[in-house]
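**Student:** In order, the protein sequence lines correspond to chains A and B.
Residues in the first sequence are numbered from 2 upward in steps of one, following my numbering.
Residues in the second sequence are numbered from 11 upward in steps of one, following my numbering.
Among the hints, a few may not be true.
Derived contacts from chain B toward chain A, CB cut-off under 8 Å, selection only [claimed, not checked]:
1. Pro38
2. His90
3. Met94
4. Phe98
5. Trp125
Derived from the structure by calculation, the hints contain no laboratory data.
Even glycine gets a Cβ: it sits at the ideal position worked out from N, Cα and C.
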Amino acid sequence: MSNWMEEKLHDSGYVEKSTETIDGDIATLNLGPTHPATHGIFQNVLKVDGEKILSSEQTVGYIHRAFEKLAERRPYNQITPITDRLNYCSSPINNMGWEMTVEKLIGAEIPKRVEYMRVIIMELARIADHLVCNSVIGVDTGALTGFTYVFQEREKIYELYEEVCGARLTTNIGRIGGFERDFSPTFYKKLDNFLKTFPKVFNEFDSLLSRNRIFMDRTIGAGPISAQRALDYSFVGPNLRAAGVDYDVRVMNPYSSYEDFDFIVPVGTQGDTYDRFQVRQEEIRQSLRIIEQAYKNLPEGSYKADIPEFYLPPKEEVYNNMEALIYHFKIVMGETPIPAGEVYHSVEGGNGELGYYLISDGGRSPYRLQFRRPCFIYYQAYPEMITGQNISDAVLTLSSMNVIAGELDA
Amino acid sequence: MKSKLSNEQVAERLQTQFGEHIKSVETPYDFLTIEVDAAKLYDIIFWLKTDSELQISFLTNLGGVHYPDSEGSEFAIVYHLQSMVNNFRLRLKAFVSKENTEVDSIVDIYAGANWMERETFDFYGITFNGHPDMRRILNEDSMDYFPMRKEYHLEDATREDKDDRFFGR
Chain A
2 MSNWMEEKLH
12 DSGYVEKSTE
22 TIDGDIATLN
32 LGPTHPATHG
42 IFQNVLKVDG
52 EKILSSEQTV
62 GYIHRAFEKL
72 AERRPYNQIT
82 PITDRLNYCS
92 SPINNMGWEM
102 TVEKLIGAEI
112 PKRVEYMRVI
122 IMELARIADH
132 LVCNSVIGVD
142 TGALTGFTYV
152 FQEREKIYEL
162 YEEVCGARLT
172 TNIGRIGGFE
182 RDFSPTFYKK
192 LDNFLKTFPK
202 VFNEFDSLLS
212 RNRIFMDRTI
222 GAGPISAQRA
232 LDYSFVGPNL
242 RAAGVDYDVR
252 VMNPYSSYED
262 FDFIVPVGTQ
272 GDTYDRFQVR
282 QEEIRQSLRI
292 IEQAYKNLPE
302 GSYKADIPEF
312 YLPPKEEVYN
322 NMEALIYHFK
332 IVMGETPIPA
342 GEVYHSVEGG
352 NGELGYYLIS
362 DGGRSPYRLQ
372 FRRPCFIYYQ
382 AYPEMITGQN
392 ISDAVLTLSS
402 MNVIAGELDA
Chain B
11 MKSKLSNEQV
21 AERLQTQFGE
31 HIKSVETPYD
41 FLTIEVDAAK
51 LYDIIFWLKT
61 DSELQISFLT
71 NLGGVHYPDS
81 EGSEFAIVYH
91 LQSMVNNFRL
101 RLKAFVSKEN
111 TEVDSIVDIY
121 AGANWMERET
131 FDFYGITFNG
141 HPDMRRILNE
151 DSMDYFPMRK
161 EYHLEDATRE
171 DKDDRFFGR
């Protein structure tokens, strides 16, 4: 650490001035802000005794972009791209969660087909999210092969997004009221192909790590948390389920027709890195099951709701039809009247319950919009989970918690 | 999954327990919203957690809202709580004035409230008494204002007085 930075940290009170030398008992170690093992910009100042971690001090906010403030100046349609940048490993879930929040506020009725289409996209996103997380745990234990292998499959998921919305990472997928267009024949072809090849690849990936002696030795017992502490820290999603609590928003408060599908909510027992890995592995399998069911039973109907005052009309109508022109103008300028009220809507994001607390005063943009960001809330348990562990376990714990900087800092 | 508690049931139990400290009961979009005395927040949240019937023992979310025009109650602190056993959600609200933006911290009830309270302090300047580490969290420590307050406007997207050829207006 350079001198000026050390001074700054001392001045701000983050780190006590250490009198120990390098061969003394206790050393201060900076894990991050930019460190290959943190997979994102956040800092941990560790006090270590040899390999053993004695305490950890976190600094977050390096990529804080004031989304909640920005949202107070944007029309509802323009907030969807903000949500992309929360958990950017599974943007479609964030997008659709936001769209559903607005639909709840305006009381829109959504066709069954849209809900099933959303389920397909959201579960694809969950697979992509969990694939990244789990393969990165492999990388952090030194097994790079699985990572490069499944990223090819993740690429196929991104191609599917591309087919639906034209974008890959920050998708801005869907609209308030449905989708901008129906799934194309190419989408179905690509989805068929994915559903056929993915299980084989995935099973091979699973066999590389799941019962691998080295992997198990590294991950079992690394960064554990008990169910009680996890609940205390408001854990959600795979991390909570790995600790043994079977809470899943898709089951408890079904949205977007999740009650129609048959799937299992996997739980762990120890809440350690291995359990988190296994829970995510099983969730990928269950997501595949959901996609297959939704695809097989995809209902006929429209790909959009009948809410002309919120859903942009087709361009060719805008030039020929007076109503379409008016609606187009109103939506683009953000002049659509919206009811005043407050709603809370949550979806099961890649990291668990992703909530949107929206207060509308009837104006063109939200009066207040708060994102319940699962990462931000559960990352504060990290020091407790790694105290007494080795540095290498701390790295594994971090990647298995799937802390995404975008969601952490908003 | 259906909820095992009804809005009326929970509202009634809270009213019998805390009486005049419950200021209003509403259910916007079927979500039980209860306004309570800011001074009683800690007790109510603790009671909700330990009550064997309600078991509202999970803190979902915590945040602030600024209402600059409502004199004497400029800031709202909003708690979203949840009972996983009963599958029930509850929203608690408390208002404080801009002269006295202090409420009790609930960190010793919910460890997870720590950063959520720091974030609320960071954004709105609401201080939580008894918090172990009341510092800013997302913004820089040397910042001398609270950015989410309504007096700090972002640029109005509908303004027409600006002549900026590079941005097409």
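**Student:** Taking 8 Å as the limit, does the beta-carbon of proline 38 (chain B) come near enough to a beta-carbon in chain A?
**Tutor:** holds (5 Å)
**Student:** Go through the hint on tryptophan 125 (chain B) and say holds or violated, using the shortest Cβ distance to chain A against 8 Å.
**Tutor:** holds (5 Å)
**Student:** With chain A as the partner, please determine if methionine 94 (chain B) meets the hint condition of a C-beta pair closer than 8 Å.
**Tutor:** holds (6 Å)
**Student:** Report holds or violated for the interface hint on histidine 90 (chain B), using the least CB-CB distance to chain A and a cut-off of 8 Å.
**Tutor:** With Cβ-Cβ at 6 Å, under 8 Å, it holds.
**Student:** Hey, does the phenylalanine 98 (chain B) contact hint survive, CB to chain A under 8 Å?
**Tutor:** violated (10 Å)
Hint compliance for this structure: hint 4 alone is broken.
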